[in-house]
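J.: Residues per chain are reported as follows:
Number of protein chains: 2
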Amino acid sequence: MKETSLSPEEKDLFMNEAIKEAHKALRLAEVPIGAVVVLNKEIIGRGYNLKETTQSAVKHAEMIAIQEACDQVASWRLENAQLFVTLEPCPMCSGAILQSRIEEVYFGAFDPKAGACGSLMNLLEDTRFNHWCYVESGVLSTTCSTLLRDFFKKIRTKKKQKKKEMLEKD
Amino acid sequence: MKETSLSPEEKDLFMNEAIKEAHKALRLAEVPIGAVVVLNKEIIGRGYNLKETTQSAVKHAEMIAIQEACDQVASWRLENAQLFVTLEPCPMCSGAILQSRIEEVYFGAFDPKAGACGSLMNLLEDTRFNHWCYVESGVLSTTCSTLLRDFFKKIRTKKKQKKKEMLEKD
Chain G
1 MKETSLSPEE KDLFMNEAIK EAHKALRLAE VPIGAVVVLN KEIIGRGYNL
51 KETTQSAVKH AEMIAIQEAC DQVASWRLEN AQLFVTLEPC PMCSGAILQS
101 RIEEVYFGAF DPKAGACGSL MNLLEDTRFN HWCYVESGVL STTCSTLLRD
151 FFKKIRTKKK QKKKEMLEKD
Chain D
1 MKETSLSPEE KDLFMNEAIK EAHKALRLAE VPIGAVVVLN KEIIGRGYNL
51 KETTQSAVKH AEMIAIQEAC DQVASWRLEN AQLFVTLEPC PMCSGAILQS
101 RIEEVYFGAF DPKAGACGSL MNLLEDTRFN HWCYVESGVL STTCSTLLRD
151 FFKKIRTKKK QKKKEMLEKD
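Listed in order, the protein sequences are those of chains G and D. Position 23 (the first sequence) corresponds to 23 in full-length UniProt numbering; numbering is contiguous. Position 56 (the second sequence) corresponds to 56 in full-length UniProt numbering; numbering is contiguous.
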């Protein structure tokens with residue numbers, strides 16, 4: 001079993017940075033998900049969900065943070081790095097974590113519909129692959145999940161309002 | 001169950017285009033893997049493995065082809081599109097296929113070590129996700145696997161040669 005290399009204070013600190021990234025997504029009306037990649041206690045990659053803004057299926061927070069981290073260290077190997085993300089990674093992002101050899105993954109809220117780090121499956125701790133990670137869930141989970149819940153609640157309210165207006169017009 | 005929308009001739013035609021992409025990777029001494037995304041019988045995205053050249057963990061052939069296809073149609077939704085790739089996609093690329101709603105996936109050689117479309121798992125036909133695909137393996141498999149086998153054989157020969165030279169020096 002792999003172990004964490006960070007203190008609880010450090011985990012909260014870096015997850016708060018991921019939450020800051022999630023707020024950037026929110027400001028663009030994107031699903032608020034943010035991520036940072038950390039190496040030697042320093043952030044080397046940041047990302048937030050840009051799927052709608054860029055109209056790209058692969059522009060998840062984690063993918064952008066991992067790409068920036070690779071650019072930063074000029075290597076596809078992010079050994080000894082940690083990734084912090086507000087929501088449990090999907091299969092694509094979990095696969096990117098394995099590809100980049102990230103050592104530790106910390107996430108806030110679980111994603112029961114598409115999560116691949118414990119919910120539907122656990123790609124990061126599957127020892128059949130040539131790399132696996134230390135995984136910790138629930139870091140600042142209330143903040144991370146409230147951010148998402150509020151976002152979807154607002155969308156539902158807007159949809160209801162629109163429907164009501166349409167019915168009143170008829 | 002989903003069905004194929006292409007004839008055997010069309011499948012060979014598009015896989016040959018993916019093989020052309022794989023050869024571009026080979027010329028850069030990258031693991032020779034290539035991919036194309038097809039929509040309405042036209043190629044809208046091309047990609048070949050650029051992991052070492054770009055030192056990016058996420059620059060697999062499929063990821064590049066999917067990104068190009070999204071750019072081409074200005075949408076993250078690649079519904080009704082097909083992806084052709086010379087090697088069975090890994091979890092990252094399988095996840096990207098799901099994210100982009102690609103409808104049909106055709107691959108050449110199986111990847112028993114990291115394949116996520118039948119070898120270690122089958123992410124593309126997992127009905128727990130909000131999207132799943134038609135998957136067909138073995139399209140021009142001999143050409144696709146020979147390309148990879150020859151590449152790794154050359155690498156092993158080079159390594160042996162180097163070791164021999166080192167021992168002779170001592």
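One thing to keep in mind: the hints can contain errors.
With the Cβ distance kept under 10 Å, some of the chain G side facing chain D (calculated, not the full set) [as the list claims (entries may be wrong)]:
1) Lys59
2) Ile66
3) Pro91
4) Leu98
5) Trp132
6) Tyr134
7) Ser137
8) Lys153
Calculated directly from the structure, the hints in this document are not laboratory data. Keep in mind it's a predicted model, so treat the numbers as computed, not measured. Cβ coordinates follow ideal geometry from the N, Cα and C atoms, glycine included.
J.: For this structure, which hints from the list above don't hold up?
T.: Failing hints, ascending: 5, 6, 7 and 8.
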